[in-house]
Structure formats: C-alpha cells, structure tokens
Amino acid sequence: MIDILIQAIFWLFVVLTVGSAIVVVFSKRIIYSAFALLFTLIGVAGLYVFLAADFLAASQMLIYVGGILTLIIFGVFLTAKIYGMTIPDQAHQRYLALLPVAGFAAVLIHVLFSADWNLLQSTAEPTTENLGKLLLTTYLVPFEVASVLLLAALIGAMRISRPREEDDDR
Amino acid sequence: MLQTAIILAKIWGVLLTLVSLAAIMTWVERKQSAVMQDRLGANRADVLGLRIIGLFQPMADGLKMFFKEDFVPARGDKFLHTLAPMIAFFPALLTFAVIPFGDVLRIGTLEIPLQIANLNIGYLFILAFGGLTIYGTVLAGWSSNNKYSLLGGLRAGAQMISYEVVLGLSLVGLIMVFGTLQLDIMVKKQGELLFGFLPAWGIFLQPLGFLLFLPSAIAETKRVPFDLPEGESEIIGYYTEYSGMRFGLFYFAEFIEIIVLSAIMATLFFGGYQIPWLYAEGFQFPWGWEWNLPHLLVVILQIGSFFAKIAFFCWLQVLIRWTLPRFRYDQLMRLCWVNILPLAVLNIVLTGLVLMILN
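Protein chains in written order, with full-length UniProt numbering: chain G, 1 to 170; chain F, 1 to 359.
Keep in mind that the hints were calculated from the coordinates and are not lab data.
As the structure is a prediction and not an experimental result, all values here were calculated from the model.
All residues carry an ideal CB built from backbone N, CA and C; glycine is no exception.
Incorrect hints may have been included.
As the list claims (entries may be wrong) - Examples of chain G residues toward chain F, derived with CB under 7 Å:
#, residue
1, Asp54
2, Phe55
3, Ala58
4, Met61
5, Leu62
6, Gly66
7, Thr70
8, Phe77
9, Pro126
10, Thr128
Said to hold, decoys possible - What follows is a list of derived Cβ distance ranges for each label pair:
#, chain 1, residue 1, chain 2, residue 2, range
11, G, Ile68, F, Ala308, 34 to 42 Å
12, G, Gly103, F, Leu324, 53 to 61 Å
13, G, Leu71, F, Ala5, 42 to 50 Å
14, F, Lys64, G, Trp117, 55 to 63 Å
To be verified - From the derived model, a few chain G residues whose C-beta atoms are all more than 12 Å from chain F:
#, residue
15, Ile22
16, Phe26
17, His92
18, Leu98
19, Pro100
20, Phe104
21, Ile109
22, Ser114
23, Leu140
24, Phe143
25, Glu144
Extracted from the complex, chain G is given alone in its bound form:
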C-alpha cells in the first residue's frame, strides 16, 4: 500500500518534471516558458528527495525556485510587450544544432552506462552535516573560490547597473 503510494508519487514527479520541461521548450509565449520552469525545478527537487539528497532538494527549492527563477520572471516582466510577445517558432540552423545535441546526448548516455549505480539498501541518512563538514575541510578551496566568484559577479552587476559618475553632473 505504502510502496504503491511512493511509486505513484515518484511517477508524479517524473511526469511533472518532463511535462513542464516540454512546455518550457515548446511554448510560444515566453511567460509560459518561465512559469513552466517553476514546475520543472520543483519536480527535480522532488526527484532529489527520492535520491535521498535532502539538503540538495531543499537548496534546489531555495536557490533555483525561490531565487533564480524569480529573477528570470522579473526579467521577463520587464521585457517590452510581454502580453503579446511570441517566440518565432521556425527553427534556425536546424541541422547545425544536431551536432551539440548529439554530443551532449553521447555524454549523458556514457554516464548512464558507465556510472556505478549502487542502490542504497538502508534507509536514507541525513546529508546536511557531512556536506557542511566536507565543504569546510576537504573542499574548502573550491568553496571559497566559488564565493569569491559570486561576490565579484555581485559587485560587477552593481557597477554595471549604476549610472556612471560623469552622468550625475547633468
């Protein structure tokens, strides 16, 4: 009974993720794409939960759903003519696009077959504490580099969006 329910919820998340991802790609209205991305990201967070990655799932919700997507939707709102705007649906460079798509698919398929998929037999353990310890010991340098990069991006964004000083005199 419980197993069937868990299976059903898993497939619900799969359908949610893939279904909304299809809308993201094929919708002709940019606003629909943006909002469909919301459900794709939530679905991926749900799949993380099924992979016993609880902290990752929460971070996905917090950062991608709560932060980044909000900014994307802001960007969409601030574009001109959002009500009527449609994305032209004729594909450009259709055959050239096959090249990167095939390459990326090859990488994914390679990972799928070469990865060591060992299924966890025991119940899932919380990951937060171990992640935190690893980030501040073994992976301290990449962690700090990433934060410095983000800080630089933050300052750069502010510098670009502010009016220049000589403009203030006008």
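Start from chain G and add chain F according to the hints.
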C-alpha cells in the same frame, strides 16, 4: 496500517485546525481593528437571532465569497488566473508540516510524535516553501492583464525576494547556537535551562536575531506596514482583478500565513511547545519544588502552550497591522538592505565569536 492511519489523522487534524484558526483570525482582525478605531466591529451576522459577538461573520464571509460572481478579465489569461490563488494558498499550508506542536505522545506502547514530518532539513523546508508564495502574487499580477495589477505583482516580487534574504540571514545565528536544522531538536534544546533558571529559548539566545526576524517575516506576509503590493486603501495591488472565491483564497492565504508565521516564531524563538520548567515527568522548579503530572496532562499542557503562543503572536501581528502606517517604497528597501542586512551579518559574526569563546 495503524501508522498510516495515525499519519493521516495528524494531517487531517492540522489542516482542520489551520483552516478553522484562519477563519477565526478574520473575525479577530475585524474585532481588533474595531477596538482600536473605537467601533463595535462585526456584530450584524446572526443566525436565528443569535449573534455571539459576531462569530458568525466568518461563515457569512465564506458564503458571500462563494456566491459572488467569479470574474476573469476578458483579455486575461484564464488558466494562470485560476492557478495563481492556488499557488499562493498551497505553500502557506504546507509549511506547517514540519512544525512540532507537541512532544511524543505515548499511548500504551505506541509512540506518536506530534509533528507531521520530522525532517532533518525542517528549517530549510520552511524557507524553501516560503519562497514559493512569491509566485502566487506575481502570477496574479500578470494574468489579470491590468497594468496596475502587474505593477503590484512586481512590487510584491521585489519586496519578497529582498526580505527573503534578510529573513534567512537573521536565522543563521539560531542554527549556529542550536547546531541543527531539525525543528524537533531545536525545540527540545529550548527545554534546557540557562544559568540554572532561565529557559534556553531562542529569544534569550538570539535577541538581535528575533528583532531582525520579526519585521522581515511581517514583510513576507505583505501586511501593513509592508502592504505595498496590495495597498488596499489607495494604490491598486496584484489581486485587483480577483473576485469571489479566487479572491477568497488570497484572503485566506494571508491569514494562514499569519498563523504559520506565529507558529514559526513560537517554535524558533519561544520554545515551541515548551513551558518553562515543565519536563516529561512534571514541573521541576529551579527553587527545588517538584510537581509530578501524568503523561497525558503534560502533552495536553504542551499543545496548549504552543497554541497559546500562536494566539499571542497572531494578535501581535494584528495589533501591528492596525497601529502602523505604510512605508514608502524607498523606505521599505532601505530598511531591508541598509538597516537589517548589516545587522544580520553582525549578528552572525557576534554569535560565531561568542560560540568560539564558550567552546
């Protein structure tokens, strides 16, 4: 099978409690505003001549919502227009799932934790689903095809995403003190004593954290003094084009947010279901008195204390809403980024220093 039944019963119980509390909150808001404005408040709704101080008003409100015309703007987006109130309503309800409203209840050999989902990442869960409410408002603003609604939605989005940052930062100190993200453990640790007599509640460990959390949290509920997205009195907000039960859902979500926010405040800063000096066996006062109580009574007292704290904070929020005038938009943003943010960072640094010295 029994376990499943218990879980379903807990979900049903919490859902029912939340929804009925929200209905009562509409009445509390009417009455409190009336008291503060020297009016009588809602007292007209009567059933067979009974008025019981206006307590039928929430029912009358609900009925009215159902029978009003359900209007969608002609050029609006019908699908998204319907979806928006649902997105606004759903995360507010869901957040309560991780909040412990009592300790473990023992009936014979059966142990029932009085919490729907004891997540290891409970604290992050709250923030993650708190961040979802933003989409309800933004979507409502857009799908109405009304430029004022759209601007209201944008105001809401900018306000909520800004205050989400300081909301998260103001609570970091608390995580450092308790060393966990699990709300259950946080509440258990608040049952301990500081210096032998003071309960180790979050407010005593993180006074600055609480002072920063309170305005940020009220800003997230979009109520006065932070009601610029809605601005019911003069500027027009994101749900201008909503009527009937669709508007009702927004209205209801606001009250559920108030209750959930009160529950979060009680859980994180005011000991959750803890009563000072009440332990599993009964009261043990610091001056040596002991008073043993049966297990069931202790559990009932704990649940009672939790809901009493919720009631207090709900009332406090209504009080704030009817006391203060609205901020201007630049004041709102300055409060967030110039005043609260540096203090929140300072709080984190100070907490770190104190913890380092103590260890």
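Taking the hints in turn, this is what the structure says about them:
1. Asp54: The hint holds - G:Asp54 has a Cβ within 7 Å of chain F, the shortest such distance being about 5 Å.
2. Phe55: holds (6 Å)
3. Ala58: holds (4 Å)
4. Met61: holds (3 Å)
5. Leu62: holds (5 Å)
6. Gly66: Check passed: Cβ of G:Gly66 comes within 3 Å of chain F, closer than 7 Å.
7. Thr70: Hint holds; G:Thr70 Cβ to chain F Cβ min 5 Å, cut 7 Å.
8. Phe77: holds (6 Å)
9. Pro126: holds (4 Å)
10. Thr128: holds (6 Å)
11. G:Ile68 - F:Ala308: 34 to 42 Å: holds (40 Å)
12. G:Gly103 - F:Leu324: 53 to 61 Å: holds (59 Å)
13. G:Leu71 - F:Ala5: 42 to 50 Å: At roughly 44 Å between Cβ atoms, F:Ala5 and G:Leu71 fall inside 42 to 50 Å, so the hint holds.
14. F:Lys64 - G:Trp117: 55 to 63 Å: Roughly 57 Å apart at Cβ, these two residues keep to the hinted range, so it holds.
15. Ile22: holds (16 Å)
16. Phe26: At roughly 16 Å from the nearest Cβ of chain F, G:Phe26 sits farther out than 12 Å, so the non-interface label holds.
17. His92: holds (28 Å)
18. Leu98: G:Leu98 is indeed farther than 12 Å from all Cβ atoms of chain F, at 34 Å.
19. Pro100: Nearest chain F Cβ is 32 Å from G:Pro100, so the label holds.
20. Phe104: holds (29 Å)
21. Ile109: The claim stands: G:Ile109 keeps its Cβ more than 12 Å from every Cβ of chain F (closest is about 32 Å).
22. Ser114: Fine: 31 Å to the nearest Cβ keeps G:Ser114 off the interface.
23. Leu140: G:Leu140 is indeed farther than 12 Å from all Cβ atoms of chain F, at 17 Å.
24. Phe143: Given that every Cβ of chain F is farther than 12 Å from that of G:Phe143, nearest at about 16 Å, it holds.
25. Glu144: It holds; G:Glu144 is separated from chain F by about 17 Å at its closest Cβ, greater than 12 Å.
Checked against the numbered hints above, the structure violates none of them.
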